[in-house]
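> Read off the chains here:
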Amino acid sequence: MTPREIIARAPRVPTPSAPVLRLLRLLGQPFVDAEGITAIVRQDAALTAKLLAFCNAAATGLPTRVASVDEAVFYLGHGEVQRLVISLGLGTAVRPKLPGYLMPEGALWQHTLFTAHLTSKVLGRAEGLCTEPELAYTAGLLHDLGKLVFSHALDQPTRDAVRAQVQQHHLALVQAEHRVLGTDHAEVGARLLEDWNLPEVIVTAVAHHHRPTAGGRPSLAAVVHVADLLAHEAGSAPGMDGLAVAVDEGALVALNLSADAMQELLMDAFDVAGEVDKLISQT
Amino acid sequence: MALLTANSPAPNRWVVAPPKKILVVGMADMLASNDVAAQLVTYSLGSCVGVTVYDPDHKVGGMLHAMLPDSNLNTARAKERPYMFVDTGVPALFRAVMAFGGVRSRLVVKLAGGAQFLDEKKIFNIGERNVAATLAMLARNQMPCAARVTGGQDSRTLCLDLATGEATIDVPGEGVRPL
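Taken in order, these protein sequences are the chains called A and B. Take the first sequence: its position 87, counted from the start at 1, is 87 in our numbering, and no numbers get skipped. Take the second sequence: its position 48, counted from the start at 1, is 331 in our numbering, and no numbers get skipped.
Don't take every hint at face value.
Said to hold, decoys possible - Short derived list, chain B residues pointing at chain A, Cβ under 7 angstroms:
{"#": "1", "residue": "Phe383"}
{"#": "2", "residue": "Thr451"}
{"#": "3", "residue": "Pro455"}
Stated by the list, open to error - Here are a few chain A residues that sit away from chain B, every Cβ distance over 12 angstroms (derived from the structure):
{"#": "4", "residue": "Leu26"}
{"#": "5", "residue": "Glu71"}
{"#": "6", "residue": "Ala93"}
{"#": "7", "residue": "Ala214"}
Since the hints were made in silico from the structure, they are not lab data. All figures in this text were calculated on a predicted structure; none of them were measured in a lab. Yeah, the Cβ is synthetic: ideal placement off N, Cα and C, and Gly gets one too.
With the rest of the complex left out, here is chain A (with noise of 0.2 angstroms):
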């Protein structure tokens, strides 16, 4: 099956709201302002109430109560407003549980959550490297939306057999894909992405966080890939893959990550987990 038909069997995939896709889509424009970011929000009355919600949560520790969209921008900053809302918008789509990864409930939502926000960290030990990191937060927080779809569109036979696959001969979750459908959730969520109209670099980056060396420009993809991993050794993926992942070692080269970098991260990654336990309880 092509990533188009496998979409095709998945109409109720739910979609952002327009507001949330409009936000998603800044990321790709070089110069985005906060009143830009502000007139988004403002449009869309859930969101701005989740956002306010969150902000004046005990545990955010801001001064004051914080009123409006504007205030939260002066206290928070634009970009941490974009990946709140961005994120606050995301959650409901990717909380429910998916029964073909033998994820419970809020288990993609926790992976997505987790990988997004170690992005920053790998980003952080990574060397020689350009990328802003509101994309590579975004990035992480959407690569394996695929697996939303997959798990709406794929009957129960099939998706026996792809755990046959990853189970029984120990193949890694995307070549056991490949192998029974002849595509994966990599690239099932990318073609989605792309029907959203989201930015080229998302796309692709999404596309490839499974082999980040093998597309074009790897440094982004690659990041989502470490960062994957790292959530993935973290206990944060419990569904059947487990560590059923192939490590792509030219990610680490073209990150220039060594192996006590890694252990670092993994550190981070306990950090990490703090953080995201609150902004799920808070959300």
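Here the structure of chain A is known, so what remains is to put chain B in place on it, guided by the hints.
Just chain B now, kept in the frame of chain A:
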């Protein structure tokens, strides 16, 4: 077992066991307890290792969820959170169980986790190193490892029942089995 219905005579004594308490052991964390009504659980061990220690006579036990093999990587971090590392976490686990009255010669030690990526060049061998470090630590202290399920690609949830000392492993899609 006979079920109580609306017509059953009221029993003169109710003896109903409450559900087991679940005490969650987080990442880079350790917990020891003598509460026989509780189970210690640590969720989805990836490359991390889970170690359980139990004294069947005294009915005390503990569980460790360590992430990395060697605290020399970051000694400041190890001071603040010794359970993050195998070499500092395992001794802390034994000390905690013995503080609850566990007796060293009776302790039953089990080990789970340490999964590996599909990585031919073994760049990412943290899982393997975690298991090796734990086994070396036990051997050095003449503590046998009674059972272990380690390596492979599974993400494992580890559970220790403090009433019986029974340890179980739960792998998604494979169900619960004794360790």
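> Next, verify each hint and record whether it holds.
We went through each hint and held it up to the structure:
1. At its closest, the beta carbon of B/Phe383 sits 26 angstroms from a beta carbon of chain A; the interface hint therefore is violated under the 7 angstroms criterion.
2. With its C-beta approaching chain A no nearer than about 16 angstroms, B/Thr451 sits outside the 7 angstroms limit, and its interface hint is violated.
3. For the restraint placing B/Pro455 at the interface with chain A, the shortest Cβ-Cβ distance is roughly 4 angstroms, inside the 7 angstroms limit, so the hint holds.
4. A cut-off of 12 angstroms between C-beta atoms confirms that A/Leu26 is not in contact with chain B; the least separation is 34 angstroms.
5. Every CB of chain B lies more than 12 angstroms from the CB of A/Glu71, the least distance being 34 angstroms, so the non-interface label holds.
6. With a cut of 12 angstroms on Cβ distances, A/Ala93 stays outside the contact zone with chain B, its closest approach being about 22 angstroms.
7. Every beta carbon of chain B lies more than 12 angstroms from that of A/Ala214, the smallest distance being close to 16 angstroms; the non-interface claim holds.
Of the numbered hints given earlier, the model fails hints 1 and 2; all others are met.
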